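**Q** One letter stands for each residue in the lines below.
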Amino acid sequence: MSSRDQILARVRAAVADAPEAPEVTRDYLTTHTADDPAAVLDLLHENLADYRALVHRTRPGGLPALLARLLAGRGATTVLAPPGLPAEWLAGSTATLTADTPASTAQELDAVDSVVTGCAVAIAETGTLVLDGGAGQGRRRITLVPDHHICVVRAPAQVVASVPQALPRLDPARPLTWISGPSATSDIELDRVEGVHGPRTLEVVLVEE
Amino acid sequence: MSGTYLGMPSFPKAAREAVHNETLRGNLRHATHTIRDKRAKAVAELADWAQLREAGKQIKDRTLRHLDEYLVQLEESVTAAGGTVHWAADGDEANRIVAGLVKATGEREVVKVKSMATQEIGLNEALEAEGIAAYETDLAELIVQLGEDRPSHILVPAIHRNRGEIREIFARTMSEWGRPAPEGLTDSPAELAEAARLHLREKFLRAKVGISGANFMVAETGTLVVVESEGNGRMCLTLPETLISVVGIEKIVPTWQDLEVFLQTLPRSSTAERMNPYTSTWTGTTDADGPQDFHLVLLDNGRTATLADEVGRQALRCIRCSACLNVCPVYERAGGHAYGSVYPGPIGAILSPQLRGTESEIDASLPYASSLCGACYDVCPVAIDIPEVLVHLRERVAGQGGRGHRLEKAAMKAAGWVLNHPAALAAGERAASRTRGLHPKRLPGAAAWTDSRDLPELPPEPFRDWWKKNRT
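Line order of the protein sequences matches chains X and Y.
Counting along the first sequence from 1, when you hit position 49 you're at 49 in this note's numbering, and nothing is skipped either side.
Counting along the second sequence from 1, when you hit position 315 you're at 315 in this note's numbering, and nothing is skipped either side.
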């Protein structure tokens, strides 16, 4: 008997006499926030900042200048721009643009100063950005290896209030990365320290359209 | 379970040593109180916590009731997404499968995401025996591995170490494993984290094989989920060419929607955050993004035996948040090592004896490692009634007999006879009072009780004699 058959047989024997389990009662809230896009955006801002992300706000016309200023402020000379990122976003920056290709190595990514991406959805109640590998987001490694990540969120189109509102908008077949503030650890006396293995600086640009 | 813990003494013996270690108690007290206060605040933010908790319990119960169907569904969906599914009846089989997969890549080292399942089966030791080096990449696991220590908490395995001890471990041992600690390393948490970053980054960037567990597996989509904080998980799940995930069969949730419950309750219960910094999901393999070869090893190792116990099976709802450890007065004083298992604290006291059976001294003692105060049940986000299972397991241990239980029965029988014979009782009381000065402070044969408690002083004369003299 294979282990597969053995395990399945043990499971069946174990629950043979168990009572039927009831259907799941989903009487929890689908959101904890009033249905007001401005309030939801403010909450996203507040919760991102609470977890030490640097948050900026702008209008679509101001985005290129803001990104140029943020990159210059870091002294970034090389910037990774994933496929599908609108070219005009980085039109104001003097940094050299680098493309991510399947052939580029982790060491090459490690040498890049900054990465700029969009996102699939942002969750206000938890201060979370979700990237799904779609246009302008790139492969998971590009928002992981470089030390500085700027993520652009288009509001209100990409902003939801809660986790239950986010999941139906995401495709589980895609590789998803949920990001809530920069990399952090609490392993030393439960003191929170930002920046262990992921980007140590996370900047979020909320673009109010 | 892991050979690391073979030969562990019973809980009372291990705990007695631990409670006399003042550094350990200080570290633990600071850590558990910090996190329990934060958790209470994070939970209070959600007005529907009770409903989320009930839904989490129901989802897990329904999964367990139909676990065979969901396992088969998961296997189909993972396979359809480009992964390969393996089944392991016990830890040895899982270790053999993983070692075989690593060897097939031609590699001799792997990077690991912190995983309870791989600790439970002693995977690192099994790989070492096959000539494969397994590097733990979670900061706390790194501290434990470099210190040749054992983890003592589910979420913060090095919770028993303070910053001074961590600095000493890094300065002394990092050079043996790879990049040495920076010169003049201090004990500031930021500097220690930076040392770990530099030490591990060289391993991440060259790793060809990653090994992980998973917090959840979604049956309908074949999606695996890992929640973490540091980004070491993302490194291991993203950069290697081959990914091997070893996951207990109880970690299934039926639907994608079910994650909306656990992604709200798990972070708040474990690290007391609204959301952990990173959550990664992957469904089989994706072209040009992440590992192109994915293997899922489904682990039984005592879980089906646990499932067969109608009271004890609720332990399989556990999502490993560790909230129960942080509120437990016994854990706070005894520390995680005393439990002799990778699962310490209240959940360990019911999980380990079920996964391993109650034959060994340590496993027979674990159901007694509790004051039954119930704080663990109150904080559990999937409503596991830990006190109920503890009492149930005590019945099982008592039923199997053993030296302590025979002595107890004999003592109770003797006491019953004396209490039924007033003259004998009175004579005994007088004799006891007159010989007060000769009484030992500890009772022979009952050391387990009297080692940690003072015997009450006997009065100079029995109460009934005093009453006769003064009131009649």
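Hint data in this document are derived by calculation from the structure and do not stem from the laboratory.
What you are looking at is a predicted structure, and each value in this text was computed from that prediction instead of being measured.
A couple of the hints might just be wrong.
[Said to hold, decoys possible] Dumping the calculated EDC-like pairs for lysine to aspartate or glutamate here, alpha-carbon to alpha-carbon at most 20 Å:
| # | chain 1 | residue 1 | chain 2 | residue 2 |
| --- | --- | --- | --- | --- |
| 1 | Y | Lys208 | X | Glu108 |
| 2 | Y | Lys41 | X | Asp191 |
| 3 | Y | Lys203 | X | Asp110 |
| 4 | Y | Lys38 | X | Glu108 |
| 5 | Y | Lys41 | X | Asp50 |
| 6 | Y | Lys203 | X | Asp147 |
| 7 | Y | Lys38 | X | Glu23 |
| 8 | Y | Lys203 | X | Glu108 |
| 9 | Y | Lys57 | X | Asp27 |
| 10 | Y | Lys38 | X | Asp147 |
| 11 | Y | Lys208 | X | Glu194 |
| 12 | Y | Lys57 | Y | Glu388 |
| 13 | Y | Lys57 | X | Asp147 |
| 14 | Y | Lys38 | X | Asp5 |
**Q** Looking at the structure, which of the earlier hints fail to hold?
**A** Violated hints (numbers, rising): 4, 7, 10, 11, 13 and 14; every other hint is consistent with the structure.
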